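Residue numbers (UniProt numbering): 1 to 222.
Take these hints with a grain of salt, some might be off.
In silico DSBU-like links for lysine-lysine, alpha-carbon gap of 30 Å or less [unchecked claim]: (1) Lys66 x Lys76; (2) Lys217 x Lys195; (3) Lys184 x Lys202.
Hints are computed from structural coordinates only; laboratory data are not their basis. These figures come from a predicted structure and were not determined experimentally.
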Amino acid sequence: MGIGGLDNEFNAIFRRAFASRVFPPEVVEQLGCKHVKGILLFGPPGTGKTLMARQIGNMLNAREPKIVNGPQILDKYVGESEANIRRLFADAEEEEKRCGPNSGLHIIIFDEIDAICKARGSVGGNTGVHDTVVNQLLSKIDGVDQLNNILVIGMTNRRDMIDEALLRPGRLEVQMEIGLPDEKGRVQILNIHTKRMKEYKKIAEDVDSKEIATMTKNFSGA
Numbered sequence: 001m002g003i004g005g006l007d008n009e010f011n012a013i014f015r016r017a018f019a020s021r022v023f024p025p026e027v028v029e030q031l032g033c034k035h036v037k038g039i040l041l042f043g044p045p046g047t048g049k050t051l052m053a054r055q056i057g058n059m060l061n062a063r064e065p066k067i068v069n070g071p072q073i074l075d076k077y078v079g080e081s082e083a084n085i086r087r088l089f090a091d092a093e094e095e096e097k098r099c100g101p102n103s104g105l106h107i108i109i110f111d112e113i114d115a116i117c118k119a120r121g122s123v124g125g126n127t128g129v130h131d132t133v134v135n136q137l138l139s140k141i142d143g144v145d146q147l148n149n150i151l152v153i154g155m156t157n158r159r160d161m162i163d164e165a166l167l168r169p170g171r172l173e174v175q176m177e178i179g180l181p182d183e184k185g186r187v188q189i190l191n192i193h194t195k196r197m198k199e200y201k202k203i204a205e206d207v208d209s210k211e212i213a214t215m216t217k218n219f220s221g222a
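Using the sequences and the accompanying hints, generate a full structural model.
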């Protein structure tokens with residue numbers, strides 16, 4: 001996959017979320033399958049959540065993903081935050097109307113999704129904008145019932161802060177913790193980062209990735 005330390009997590013996500021997408025549309029319809037519409041990747045910073053989200057798009061031959069940092073959605077003008085959400089879905093909805101089952105897959109990635117999807121009613125002293133943004137996002141995800149060309153991926157360090165309604169089946173239903181890499185994962189990460197150095201002999205030949213991995217417990221690829 002090209003991302004050190006995440007083979008098991010990626011394989012689990014593929015089995016749970018993407019098995020239906022490898023079949024032609026007519027086969028999916030005959031089998032009565034429903035595509036997963038949302039994934040939540042959560043865990044400490046620097047563990048490869050964004051890389052995994054991008055790789056998911058590559059594996060599924062999707063359109064170039066739209067990657068949005070959660071706080072960028074929020075706008076000081078009334079109604080603009082919700083409009084920002086609608087704009088993210090507009091291209092996929094237009095292509096689905098035009099091409100039907102032949103539409104390409106559109107992936108929308110929300111980094112720091114907890115910034116815009118906190119549990120409704122939990123943010124005191126504001127104008128309610130967080131609540132309306134959550135409502136708008138739920139509306140767009142639920143509105144893609146008949147659309148098979150949208151996949152929403154949320155990423156967060158704080159799963160506990162996210163509105164529970166987003167985590168229900170049919171929404172961000174596949175949830176995967178991306179933790180710190182184990183020793184085998186750290187070896188993979190070190191080998192990826194030192195590959196070019198080795199090719200150009202910019203690193204000593206006796207440098208042992210396995211030995212370094214034993215000394216880097218609780219380190220991440222970042």
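Outcome of the hint check:
Among the hinted pairs, Lys66 with Lys76 is consistent with the structure: their alpha-carbon atoms are about 22 Å apart, no more than 30 Å. Simply put, Lys217 and Lys195 have alpha-carbon atoms about 21 Å apart, close enough for the 30 Å limit, and the pair holds. With a C-alpha separation of about 24 Å, the suggested pairing of Lys184 with Lys202 holds against the 30 Å cut-off.
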